[in-house]
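Based on these hints, arrange chain P on the given structure of chain R.
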Amino acid sequence: MSRYIIRRLLYMFVVVLVVSIITFLLMHAVPGGPFTQEKALPEETIRLLNERYHLDDPLHIQYFNYLYAVFIPHFTTTPPGTSYQDDFMLNVKIGPLWIRWMNFGPSYGARGRTVNDIFRDNLPISAQLGVMALFVALLIGMPLGIMAALKQNTILDYLGMGAAIFGVSVPVIVLGPIMIWIFGIALKWLPPTGWDSKPPFFLGFLPTKLGWEFVQHALMPSVALGLGSSAVIARLTRATLLQTIREDYIRTARSKGLHERTIITRHALKNSLIPVVTVLGPLFAALVTGTFVTELIFGIPGMGKYFVTSITNRDYPVIMGTILLYAVFLVMANLVVDILYAYLDPRIRYD
Amino acid sequence: MTVESKSIGAGGMPLTQKRESLRQDALRRLTRNRAAVVGASIIILLILMAIFAPLIAVKPFEAQTLVDQNKVPQWLVSIFPTMGPYARFSSEYLLGADYVGRDLFSRIVYGARVSLAVAFIGPLISLFIGVIYGSISGYFGGRIDDIMMRIVDILYAFPTLLFIILLMAFFRSTLSDIQPGTFAYAINQLDESMGGMLFIFIGIGLTAWQNMARLTRGQVLSVREKEFIEAAHTIGASHIRIMFRHILPNIAGPLIVAETLAIPGYIATEAFLSFIGLGVNPPTPSWGSMISDGSRAIRTYPNQAIFPALALAITMFAFNFLGDGLRDALDPRLRGTQ
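Going down the list, the protein sequences come from chains R and P.
Quick note: the first sequence uses this note's numbering, first residue 715, plus one each step.
Quick note: the second sequence uses this note's numbering, first residue 128, plus one each step.
Calculated directly from the structure, the hints in this document are not laboratory data.
Yeah, the Cβ is synthetic: ideal placement off N, Cα and C, and Gly gets one too.
Some clues are possibly wrong.
[Claimed, not checked] Computed list of lysine to any residue pairs in SDA-like fashion (alpha-carbon distance at most 25 angstroms, straight line): (1) R:K1019 x P:N408; (2) R:K902 x P:V204; (3) R:K902 x P:T427; (4) P:K198 x R:I899; (5) R:K902 x P:R423; (6) R:K1019 x P:T427.
[Claimed, not checked] So the derived label-pair ranges between C-beta atoms look like this: (7) P:R426 x R:L987: 48 to 54 angstroms; (8) P:V204 x R:L739: 52 to 58 angstroms; (9) R:T1023 x P:R215: 32 to 38 angstroms; (10) R:K912 x P:V227: 35 to 41 angstroms; (11) P:L193 x R:V991: 53 to 59 angstroms; (12) P:F355 x R:L739: 31 to 37 angstroms; (13) P:F310 x R:T790: 47 to 53 angstroms.
Next up, chain R with everything else stripped away, as it sits in the complex:
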């Protein structure tokens, strides 16, 4: 197993490297630089800016410098300064030695802020939204699927699966405005926009005060984002549970005279969860990238706005940083799911 994990981690590294090369080339292939604006800056200013951010270096040099700053740990004896070059994600002091790792560079658009600043202040909000949406997806999806399977071909089953089709058919950009209008404006039950959590965050990403205010703000966006995934989970749970309850060992359990509830929870449900776990990887990916749209609709100060504006502004470090970070998320999520899979189903061996 550990060999498998090491192999996967190495593979992950290759994937992230390829993603970084493609992204780097693609974004530099877009004409215009970060400082070409409608109202042109003086040539001298642009020259100085380009010089400051080393944008005149050959592309491969720029790329390797970027990789060096992000991936290679730095060891120095000087304490970190305030310049963007000193803004590392990780700053550990061991004796006289400073170990620093992951400098994603400055943001050209948000002056005075580094990509790390954006990650520290805005990424946690996206993460909170994504996790909440995953909770919503599981909390709605699993019971719905279980109910539909246990009451197969009854009105409950049809209603549940009808709701699931509804769920996959309304993307966030449909559900968002409709929910905002109904619950935020017409009924005034929930705040239509915004997010009640600001930096600094607890443990780097958790909201510091987790109260009613936070839930009020988070409810609509999480449901809007999570509903589609809950439908996927509901359908899958139903399908696998239907398959499992026809297995021989369930019949054995019944003939032993076990309580129906015990059969379902202890025997059927546990085994039918395995396929559900496998979709959590892609599902999590969909939710994480889905946060972008949701944030734009609900006016949530997460990563969404930064990414979209960074692309139109050619804010290279923000583009690179965001795509790399999300790529790492995706491969990590899939790795975790695969390991979890082997853990849940002892028949699966990766060696």
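Using the frame of chain R, we list chain P on its own:
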């Protein structure tokens, strides 16, 4: 085809029964599925609406009448009562006018063209690339398969939505300052004449084929070793002939089902791209860009976002219903999965 077969059934009773071909059987099951029929009917209506848009929407979709900004018909106030105090009325607009005085109804009707174009061309591109890629990979197997599937795995790690945004940014701006006469210029012209849809197709095509490639590969692997393929080999059929005459028809079912179920995703992607301003070029109406415009005024004029949102939802519903029905019809064992 139907075959009359006379044979001896159980207990020595002669049987006369009609046998149906697989396709007829599937079609019968599909037409019995009420949800699928409803979905198909909605899609047909939408297609008719898109084709005859100029007849249905009498007002031109791009005409701006600034004095009619945000005007609404009287009946809308009973649905959106918050508008009551400040709404300005005009019965000329069926669903109201938008922030520059364009008829919302016309724009929704014409917007069907964009969504439907994506719904039909998206799958074609994804099938074209995915099936060729997947079948080469599955058919030849071995090293080729290994390498090709590793490439797909790597592309899988791309955050699709972010990648497509990057691609669209690349397309949209690269081709803005290029010389006439070049290939890029020609493509740019073509895209402009299509209202910006060409690049959406390319963007969707480039990000959506991987699933199809994986599925095709798996299916090819499962039929590759069957006897009839071996038989085709022995009579000297070429690889291409085996691929297209023998393998593809046998794996078409799952591919069609998967692609139909992927259509709502394509529609949503286009709407999303238009929502963030990287989709169709204005003034081409797209439901996504209308929702984006309308969202800005959702507190005051909810009709501007909610009607296009409903149009989008209905269309996605219809395709989901049809896709589900197709899946159940083509492979009843899969009922309720996916």
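Here's how the hints hold up against the structure:
1. R:K1019 x P:N408: Between K1019 (chain R) and N408 (chain P) the Cα gap is close to 21 angstroms, so the pair holds against 25 angstroms.
2. R:K902 x P:V204: holds (18 angstroms)
3. R:K902 x P:T427: At roughly 14 angstroms apart (the allowed maximum being 25 angstroms), T427 (chain P) and K902 (chain R) satisfy the hint.
4. P:K198 x R:I899: Holds. K198 (chain P) to I899 (chain R) sits at ~20 angstroms (cutoff 25 angstroms).
5. R:K902 x P:R423: At roughly 18 angstroms apart (the allowed maximum being 25 angstroms), R423 (chain P) and K902 (chain R) satisfy the hint.
6. R:K1019 x P:T427: Distance ~23 angstroms between K1019 (chain R) and T427 (chain P) Cα, so the pair holds.
7. P:R426 x R:L987: 48 to 54 angstroms: Violated, at about 43 angstroms.
8. P:V204 x R:L739: 52 to 58 angstroms: holds (54 angstroms)
9. R:T1023 x P:R215: 32 to 38 angstroms: holds (34 angstroms)
10. R:K912 x P:V227: 35 to 41 angstroms: holds (36 angstroms)
11. P:L193 x R:V991: 53 to 59 angstroms: holds (56 angstroms)
12. P:F355 x R:L739: 31 to 37 angstroms: violated (46 angstroms)
13. P:F310 x R:T790: 47 to 53 angstroms: Given range 47 to 53 angstroms: holds, Cβ gap about 50 angstroms.
In this structure, the hints that do not hold are numbers 7 and 12, in rising order.
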